[in-house]
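Chemist: Here is how the chains run, residue by residue.
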Amino acid sequence: MTNPEIYRSLMPFYAVMVSLIAAPLILMSSRQANLREFWTLAASLVKFAVVFLLLPGALAGRIAEFIFWEISPGIALSLKADTLGVFFALIASGLWILTSFYSIGYVRGLNEHKQTRYFASFAVCLSATMGIAFAANLLTFVFFYEILTIATYPLVIHKETKVAIAAGRKYLIYTLTAGVLLIAATAWTYRITGALDFRAGGLFGNTSLSPSIMMVLFLLFLGGVGVKAAVMPLHSWLPAAMAAPTPVSALLHAVAVVKSGVFGVVRVVGFVFGPELMRQFGLNTLLAIFAGATIILASLLAFRQDNLKHRLAYSTVGHLSYIVLGAALLSPASLIGGLLHIANHATMKITLFFCAGALYVKHHKEKISELDGIGRAMPWTMGAFTVGAIGLAGVPPINGFVSKWQLGLGALQAGEILPLAILVLSGLLNAGYFAPIVYRAFLKKPAVPYERGEAPPAMVIPIVVTALLSLLLGLNPDLFFHFYRLAVMVSGSILGGGP
Amino acid sequence: MQNSPALVPLLLLAAAISIPVLAIKKTGVAYLAALAASLGSVVISAYNALRVWESGPLTYHFGGWNPPIGIEYVLDPLSVFVALVVNVVAFIVLCHAGGLKEREIPGKSVPYYALVLLLLCGANGMILTGDLFNLYVFLEIFSLACYGLIGIGEKQAPIASFRYLIMGTVGASFYLLGLGFIYIVTGSLNMADVRNILPHVYGNPAVTTGLALIVIGMGIKMAIFPLHGWLPDAYTYAPSTSSALIAPIGTKVAAYVILRVLFFVFDVKFVSQTLPVTDLIGWLAAIGILFGSVMAMAQNEMKRMLAYSSIAQIGYIGLGIGLANPLGFIGAVLHILNHAFMKGALFLVAANLRKNAGHSDISKLDASYRKKLPWSMAAFTLAALSMIGLPPTAGFFSKWYLALGAIDKGNWVFLGVILLSSLLNAVYFFRILEKVYLGTPSAQGAEGAPSPKSNRGEGFVAGEEEYALMIPAVVLSFSLLLLGLLNANIVKGVIQRIIPLGM
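From first to last, the protein sequence lines stand for chains E and L. Counting in the numbering used here, the first sequence tops out at residue 506, every number present. Counting in the numbering used here, the second sequence tops out at residue 679, every number present.
The shape of chain L in the complex, shown without the other chains (with noise of 0.2 Å):
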């Protein structure tokens, strides 16, 4: 297992490339040959995790080329730690599309499961890659993979994904414009030896002009404020295992790149001070967090909210990374976990909701919902609840460690922001589990609500729910719980471990 590195997006590009011939003959087969290279990935990623625990960061070079010339895979604790929760949450996400039954992309899901692990494969290169081409090659398989699932959706969906893609695509371009940059400069692309050479060009208009690039490009991918513009329509229309994976995955891939391009290519003083890339990162964050959260209150369809809610979220990462200390760093990290289960159980409950009832849009919500679909509510309101930020869930204590952070930078604004969201998410998702639970089915009824047995063929008993669909939003939400209580755990077993040099 000394390969071990290389498996994870090995194993995963070559189960995308094999499933449309191995699903010639029976289409069924594509979504399981998905699911076990799926969970392949996961075994691996916990592998590798174990591995870097036992015995400290790993480096692996592919084909035998020792770096700055070869391609290096760095495992060290972020990394694996990321690797591991996108890769959990992919798997999770894939056992629930198992119960949509191909209802959102028939006749497609052949190339619907490819797409899923070229995205995967995309994600887990981009975060384990050790050389700054090689990301920018996984990047783009990320985002073509993206593209496609996000335009297989509704009648919006090409729109929508064209958006994106043009927008994407300028991302990437700026990331790749910025690399060259520091590739003329450094004349290096393996990150560790440009890290080395970097402090001796630090004046070089043309290292910053190349940060500059790197972190909108990136920027872009990540929907940080105002770079958000795809976000909301992609999500939206997107089928939902799309948005499911996508939303806590796709973003936090790129807001890893900006934490690992940041703080360990560059130098936590040189971003921080030197050029203030950071604060600007913290400001846009903060009127993201909030943007994000005022518009949320205002949409009426459940997905699409959780797309605004999504860009606040992703503030929250932001303003750790603006806060450039260590307890920033720990809160954007965290949150990169918390908010992949939070947000992944929320829209595998919006899924549930249009599989059963047809639609997801807020207005019509009543507590019929609840009897229909108790198991969902309940992730539901335990997501809503870490979202909102109240212990015990995970939610709180990423709220918890980037107010410390706040604190200790003495920036008293980022604090109350940080504290002002959780009561505006708090706005946004009461009005849903305030209609879920307490909305009186009859008065909604009238307008003509339509209801789940006209919608489909098969109507369903009141409490009875699939189990296929409840119970990976189950599993998500209620980790949360645990995500709370042992966060300690993680923060000082993996985080604390990598806190980055001059923090």
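Chain E extracted, bound-state conformation (with noise of 0.2 Å):
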């Protein structure tokens, strides 16, 4: 394996700094809303420019490097667009335009309180996702992910109900508990190797260790992510975050921070432990047994939720667990498959979300009991939400069924069945619980009948947008953004078979 070419640039801090300064603009122009606004939908623009601007070298095997300084002795705050740190930048940078639009639209919709607070937060939250994306090494991803729980605290209980309070609550007493574990992880493992910067293979070396430390260290790092990646038993605080407005749920809980977990879980198997200890010490079927409990059980809880967010929220936990399935499966089509999936799931959970956000826009409909008859009122956004729901249960030509596809290859190609079986049975199950919702709001007539019409364009655009991207990716999943090729790269790094 040719070792990549490393240049220094300013790109990977421009990619996280253009939102950090967008949130005092905004939080300085409060009492002009148009041009709060200019700044949230200037800086996405820029923000997505910037990482699309690191697309070509990423390609090409260059990385692009930014180090701040040492924030500890022999530690530096620093940033790395490496293959994979761009594809993930891609995806929430480019979903935050989308979001911003469609936050517009609906908080003008619901004339919401506090915007000003909203609006900051949401670009706090998006620098630290780039933070996360581009961390050189694990301190630094400390130190992003520390800020996108604070940052996200905010948003969660932005209703300011006793509901979101609660759920606020919960929310910290799980994100910050597994930040001490992360601390406690990478303070260990600085302490085993004097070393914390990813590297793709994992950076332990040649240090022989114990299985119990490797064990308890592993268990410590899923602890940190997994809560993110809202792995079981881990995943409670997810459902419960619901309570904030839906382009929250929309970009975060469906994108940014679920995804900054699982994002998590592919730096620590792929460039913390590394693919040989994973196996050495078992540790990959453990994380294996756990991303396909939550799968299955995630899908079952996901019937029992009336609310439609709830359902989305269930949903969310067990596609998350398909990507970490991914990453512990550790073949080439797995790891393709799983990655994959953190953009592909990233379309469609937001159409979905966005949809659901339009119903209650212009319905303050919640339930799914309630949206008997209305594709019919508001057709662009149930089609979307079809599209949507299809592309999850694994039905081509959507991308859901690209990724699904390779996480299938994966399986085989690792030589398990049980997998495979737990994939498709996922499937059946996901089309169970979304069918009812089609269902309802084609073929069921309404009590009483709808006016017809759609929610603001502001939140119309956004959802078509995100379908169509779904089912373009579905078509060629090396569209525009290369995500295959970024994939297939960051698989053949992690395993040392390819480029």
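Wrong hints could be hidden among the right ones.
Claimed, not checked - DSBU-like, lysine-lysine: derived pairs with alpha carbons at most 35 Å apart:
| no. | chain 1 | residue 1 | chain 2 | residue 2 |
| --- | --- | --- | --- | --- |
| 1 | L | Lys547 | E | Lys121 |
| 2 | E | Lys166 | L | Lys547 |
| 3 | L | Lys445 | E | Lys169 |
| 4 | E | Lys121 | L | Lys540 |
| 5 | E | Lys451 | E | Lys166 |
| 6 | L | Lys540 | E | Lys166 |
Said to hold, decoys possible - Between beta-carbon pairs, the in silico distance windows are:
| no. | chain 1 | residue 1 | chain 2 | residue 2 | range |
| --- | --- | --- | --- | --- | --- |
| 7 | E | Leu52 | L | Arg279 | 48 to 56 Å |
| 8 | E | Gly201 | L | Thr450 | 28 to 36 Å |
| 9 | E | Gly81 | L | Ser231 | 24 to 32 Å |
| 10 | L | Gly534 | E | Glu119 | 33 to 41 Å |
| 11 | E | Gly81 | L | Ala368 | 25 to 33 Å |
| 12 | E | Leu425 | L | Leu677 | 56 to 64 Å |
| 13 | L | Thr450 | E | Ser217 | 26 to 34 Å |
| 14 | L | Arg673 | E | Ser217 | 15 to 23 Å |
| 15 | L | Thr450 | E | Ser215 | 30 to 38 Å |
| 16 | E | Glu283 | L | Leu677 | 40 to 48 Å |
| 17 | L | Lys547 | E | Ile74 | 39 to 47 Å |
What the hints assert, rightly or not - Non-contacting residues of chain L with respect to chain E, defined by C-beta distances greater than 12 Å in every case (computed):
| no. | residue |
| --- | --- |
| 18 | His237 |
| 19 | Trp241 |
| 20 | Ile463 |
| 21 | Met471 |
Hints are computed from structural coordinates only; laboratory data are not their basis. Even glycine gets a Cβ: it sits at the ideal position worked out from N, Cα and C.
Each chain sits in its own coordinate frame; assemble them with the hints.
Modeler: Laid out in structure tokens, this is it:
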């Protein structure tokens, strides 16, 4: 394996800072709503442009690096836009643009309070997400991971109702505990290896360690990143966090925050422990068991939810574990599938959440049992919903099929049948809990006929765009962003088998 | 400026003595003089730090008498660093005191500011001196000033102060007694000299006894669990400025003395292996961290909560001492700095609450307080996040180094305690943050929370704060971001230069 070329660049720094600079500007223009929203939109566009400019380098195996300064003797706060980082950053920053438009439609449509705090927190969250994506070492990762925890809190409690405050507490209990576990794991790793830089294939090198220490260390890491990745039994903050406004659920609790968790899992598996140690100590089996159980249980729990957002949340829990499973199987195709699912699940699930928000803004409907016949009143919204739902069930030609296919292939490559069975079963369960929604929306007759009409265009356009994106990425996974090539490269670098 | 090492304590002492004279006609002069003297001490200690930074440790012989007979001042990176921290925090707190306008000490400002300067004089002396007996003298100056500053407060303050006086005097006497034992055996009071002589007499039970007495005596001053009994009342009932001065400075100076005596007078090996004093301190600190945090959760008065939180945070320093390894030492010294800024900021916000709302009762807080004091509350939030130990604030790095130290030592209990403590901190700080940012004023108002207008003559418009009260709190708390981001410079430039031999 040839070592990628590393060059100094300010781009990763800009990617993090753009929205961090936007946050105070947003706060300062709290009285001029249009100016405030301009900052959000400008920051999201600039951020995406910056990340997109890093893409050619990443595809050519050139890694942009930015080092701030030392934050602990021997450990620098540093950013590295490697293939995996660019992959995740592209998804998060790209969807932030759509979410920003959507948010504006949403909060204005509902006349939400404290919009300034809302947009400012959102901007900080995205900075932290970029930091997580580009973190070059574990301490930098922890640094931004904790900032993300705190920056998300004001969004979770945004409504300031009792439910929201309780959800906020639950969220903090889970994520802060995860934070300290991660700190312990990081400190311990530092003590053992004397280095914290992520390295494809693992950073432990030839350090020989007892199985029990490795197991404890791995569990600490898993506790740290597993909470945000909502691996059962660490998932229950996520359904509770649905008390947040829908755009928050859409971007943060389907993309940025939870994907930071699974991204962390991939970092830990591929860049801290590495496939050899994972296999040597049976850690991948452990991870696969957690992931497999989560996939099935979450899908089953999703059936019981009548609240649309809660059903989507449990669905998210299940799908996040697809990615974890892909990482745990440690075969080329499973890693590619897992990584692709980071992108694919993002576009599909954000579509579904956007739809849920549109239903809420237009008709104040939150429950599935109230959706009878709404599809005829809001054909675009519910049409997009259908695209996302069948995609999540793994039906071609939506992109969910692509990642699932790769995952299944990966299970066979790893010589395992059980994960394949779990994937198939989960596909059926997904179809099972999404079908009633689509059925109700289009085929049942409403008790009171709806007036025909969609949510504001600022909301409907993003919905259609994400649905289209899901379809196009299903037809050609390498479209525009080269997610497929990036995933192949990452998988190759972790497993040492290719470019 | 050859004499700059001696200038800080002398300047403060001279100013303290002259304040009553200067302020005979106009009492307002007292505050200005104190402020000026404090600023002077900041400048001179910064100059001292610069000198040490450039040319390495300095010594200064008082009156030209050579040690071990004469009194020696030792300026090494550790002492100039702690002195600078103390003086800077004190200066910021004093700036804030101007905004309070004697509200809590009507008519007593002249003796009050004289005492403040005596306190600082004592603290600086304790930090800079290289003589064990001279340290005792400054300790007494420091303590007596402390008793006065606390006793001047509200109705219960004299009792709290008296309690502190009893315990503090016991502590100081223990220190003196221990010193006597050491002196009998070694025949010297100069720290460097004693350090050279001690290895020959480690077997002597008098040395052991002396060390034990010194540690217990200073442990009381440091309020290490279970010797903390005096602290909660003293911090709660003291005037706001006193709490904001004593909380960041008082216990830290004692912690500094313990560090100095254990690692620089005695030997690391002796105190951690032959006679495992550090282990004892570490375990007591661990219990203290949990005890202080749990007690802090149960408090309804913000100053009292902060007091218990201080007991827990002193435990961090104790834990670092207890680890007796380089990373633990870094953690302990860094936390002296971090905690001084955090607690200073928090107590200043509590003072702002008392000034503006007439109380600092947590149960009465609601969102209206944030509207009235947006910047104070922002400062509080940032300091709270630092207490919890979230990056990029300074508190995260205290936790980081202590965790590294605990792992280095293989002490999993200490690691667990540090991490658990950060979660406990989150519980009692988010309790307040929730109220301040999310509490609905109407529900609370029904209980008859005194409206600021009824309590104070002058009402204020939402969003307007007095700059004199707001800026010092904001400065202290926003420095936590800088201290956090630049901590590696402090660790490498200062603390790593003075890792005690044998660690």
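Chemist: Take the hints in turn and mark each one as holding or not.
Modeler: Now for the hints, and whether the structure bears them out:
1. L:Lys547 x E:Lys121: holds, 13 Å
2. E:Lys166 x L:Lys547: OK: Lys166 (chain E) and Lys547 (chain L) at ~18 Å, within 35 Å.
3. L:Lys445 x E:Lys169: Answer violated: Lys445 (chain L) to Lys169 (chain E) is near 56 Å, above 35 Å.
4. E:Lys121 x L:Lys540: holds, 23 Å
5. E:Lys451 x E:Lys166: holds, 32 Å
6. L:Lys540 x E:Lys166: Cα-Cα ~22 Å, so holds.
7. E:Leu52 x L:Arg279: 48 to 56 Å: With Cβ atoms ~52 Å apart, the hint holds.
8. E:Gly201 x L:Thr450: 28 to 36 Å: Given about 31 Å between the Cβ atoms, the range holds.
9. E:Gly81 x L:Ser231: 24 to 32 Å: Given range 24 to 32 Å: holds, Cβ gap about 27 Å.
10. L:Gly534 x E:Glu119: 33 to 41 Å: holds, 34 Å
11. E:Gly81 x L:Ala368: 25 to 33 Å: holds, 32 Å
12. E:Leu425 x L:Leu677: 56 to 64 Å: Between Leu425 (chain E) and Leu677 (chain L), where Cβ atoms are some 59 Å apart, the hint holds.
13. L:Thr450 x E:Ser217: 26 to 34 Å: Once the Cβ atoms are compared, 32 Å apart, the range 26 to 34 Å for Ser217 (chain E) and Thr450 (chain L) holds.
14. L:Arg673 x E:Ser217: 15 to 23 Å: violated, 37 Å
15. L:Thr450 x E:Ser215: 30 to 38 Å: holds, 34 Å
16. E:Glu283 x L:Leu677: 40 to 48 Å: holds, 42 Å
17. L:Lys547 x E:Ile74: 39 to 47 Å: holds, 42 Å
18. His237: Consistent with the label, His237 (chain L) stays out of reach of chain E, its closest Cβ about 35 Å off (over 12 Å).
19. Trp241: Trp241 (chain L) is indeed farther than 12 Å from all Cβ atoms of chain E, at 40 Å.
20. Ile463: holds, 19 Å
21. Met471: holds, 20 Å
Comparing the model with each numbered hint stated earlier shows that hints 3 and 14 do not hold.
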